[in-house]
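Take a look at the letters that make up each chain.
There are 2 protein chains.
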Amino acid sequence: MITKSLPSIFTIGNLFLGIVSIILVFNGNAPLAAVMVIIAMLLDGVDGRVARALNVQSEFGKELDSLSDVISFGVAPAFIIYVVAFQELAPAAGWIVTALFPICGALRLARFNVISGTPGYFIGLPIPAAGGVLCTMALFQENIHNIALLLATIVLSLLMVSNVKYPNFKKVGIPKAAIWVVPIIVIIAIVIALNASPDTLSKLIFVPLLIYALYGLKKNVDTLFRRRRKQQSEDVDAVEQQL
Amino acid sequence: MITKSLPSIFTIGNLFLGIVSIILVFNGNAPLAAVMVIIAMLLDGVDGRVARALNVQSEFGKELDSLSDVISFGVAPAFIIYVVAFQELAPAAGWIVTALFPICGALRLARFNVISGTPGYFIGLPIPAAGGVLCTMALFQENIHNIALLLATIVLSLLMVSNVKYPNFKKVGIPKAAIWVVPIIVIIAIVIALNASPDTLSKLIFVPLLIYALYGLKKNVDTLFRRRRKQQSEDVDAVEQQL
Chain V
133 MITKSLPSIF
143 TIGNLFLGIV
153 SIILVFNGNA
163 PLAAVMVIIA
173 MLLDGVDGRV
183 ARALNVQSEF
193 GKELDSLSDV
203 ISFGVAPAFI
213 IYVVAFQELA
223 PAAGWIVTAL
233 FPICGALRLA
243 RFNVISGTPG
253 YFIGLPIPAA
263 GGVLCTMALF
273 QENIHNIALL
283 LATIVLSLLM
293 VSNVKYPNFK
303 KVGIPKAAIW
313 VVPIIVIIAI
323 VIALNASPDT
333 LSKLIFVPLL
343 IYALYGLKKN
353 VDTLFRRRRK
363 QQSEDVDAVE
373 QQL
Chain P
133 MITKSLPSIF
143 TIGNLFLGIV
153 SIILVFNGNA
163 PLAAVMVIIA
173 MLLDGVDGRV
183 ARALNVQSEF
193 GKELDSLSDV
203 ISFGVAPAFI
213 IYVVAFQELA
223 PAAGWIVTAL
233 FPICGALRLA
243 RFNVISGTPG
253 YFIGLPIPAA
263 GGVLCTMALF
273 QENIHNIALL
283 LATIVLSLLM
293 VSNVKYPNFK
303 KVGIPKAAIW
313 VVPIIVIIAI
323 VIALNASPDT
333 LSKLIFVPLL
343 IYALYGLKKN
353 VDTLFRRRRK
363 QQSEDVDAVE
373 QQL
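The listed protein sequences derive, respectively, from chains V and P.
Just remember that this note's numbering sits 132 ahead of the position in the first sequence, which is counted from 1.
Just remember that this note's numbering sits 132 ahead of the position in the second sequence, which is counted from 1.
A few of these clues could be false.
Intra- or inter-copy, both count: the list cannot distinguish identical chains.
Simulated pairs of lysine-lysine, DSS-like, Cα-Cα distance not exceeding 30 angstroms [what the hints assert, rightly or not]: (1) K297 x K362; (2) K335 x K297; (3) K335 x K351; (4) K297 x K136; (5) K297 x K350.
These are computed hints drawn from the structure, not numbers from a lab.
Bound-form chain V, shown alone (with noise of 0.2 angstroms):
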């Protein structure tokens, strides 16, 4: 029974971290709210492969990661950026940009849902790491301005809905007999992450974050230009034969 509930327990606690998250910033705090949806992304991680792990996957634990990813990765890191830096906006931008990135997350947790991927890739960033990107994003109010924000914002939810092919490091399971020491790891984790201040913490892990968002960005973009040198090489090809 343990067993079984097991996964469902981590989806239910990363659920948690996202509320926590968004009382977190309702009452000032910002960089500690980052650093409840950064834990909710390592037990994002861990729910699916404790569960294949374990061989008790099911169609209620897909239900409900999804159900959670939308609060703790939608949601939560929406509302960090709208109290940190869209509440001086105009309401008609700022609400509709906080909305647009958890409606965006919930395109693609339905699309994921209901469509077979390619293997080894995701179709579309992922809402964790367009969440993670976001809320950590958020802790470089004073440094970045508002529109480019507000820009980078409507890019993450584009990229989440986008066909951009994004590495999908799932199959990177843990092995049966290491299943016990997933706990261990984590509940360490959250001990380190709760001990650095968390706006460095926060700060730190934007970076691989934000480069794993461009990378699929890079990669779309290159292909994207080697289909437009090789449509144009045909062309000159054509050009030549007709000559």
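Position chain P against the provided structure of chain V, taking the given hints into account.
Same frame as chain V, now just chain P:
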């Protein structure tokens, strides 16, 4: 194309209002935030019916609906009551009960999506009704003690994951010929909702929603008593036979 997307547009409208509700309560307007949840309930009641009437039901639409519901009727109402009533409580109590509500809501939605229920009935209080009761109840904060609100939030959360049967009005469909009347009704309802005093409006809507939530509970208690009486009379019969 538009016909196919129409139900999803209502669903996205529901999610959008959920986010607007969170922003409004953050900006100190709990009554209008509650009105947003109520309008979202209206949109939620419409999307499935429109999909059925136009025969464009889809797995994607169902997933998107759950993701919107957990935000508009799980997170938004919980955040409203947190801001209005639970802020002053000890963080442990306030945070846990605030998170309990969307957690139970997500469990309810995940269960609903994977099990086939009894026709004509919902098993457990549906999350839109629970969220509607919670956010309108929050407006009576001056009249109800915070501890009572805390207990009521716990009861509403548990009713969602309970096996209490609730009547399902989903079968009350819209005739296909009348489908284009729906957006007009929605717009009229929104105009009325926005013109009435948000506080009065939400408090009025609290009453039928509470009756619905209590109805299932009462019916369940009745069944429990009937079963007990039956058991007792059977016990008496058995004793009499033995004598």
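Practice task
Indicate which option fits the pair K335, K297 if close means a Cα-Cα distance not exceeding 30 angstroms: within, between, both or neither.
Solution key: Close inside one copy (26 angstroms), not across copies (48 angstroms); limit 30 angstroms.
Problem - K335 and K351: within-copy, between-copy, both or neither at 30 angstroms Cα - result: Intra 25 angstroms, inter 54 angstroms, cutoff 30 angstroms: intra-copy only.
Problem - Same-copy or cross-copy closeness of K297 to K136 [CA-CA at most 30 angstroms] - result: between (33 angstroms within a copy, 26 angstroms between copies)
Practice task
Have a look at K297 and K350 and pick one of within, between, both or neither, based on CA distance no larger than 30 angstroms.
Solution key: Classified as within: same-chain Cα gap 10 angstroms, cross-chain 53 angstroms, threshold 30 angstroms.
Exercise for the section: Could you figure out if K297 and K362 sit no more than 30 angstroms apart (CA to CA) within one copy, between two copies, both or neither? Expected result: Cα proximity of K297 and K362: one copy only (20 angstroms, versus 63 angstroms across).
Checked against the numbered hints given earlier, this structure breaks none of them.
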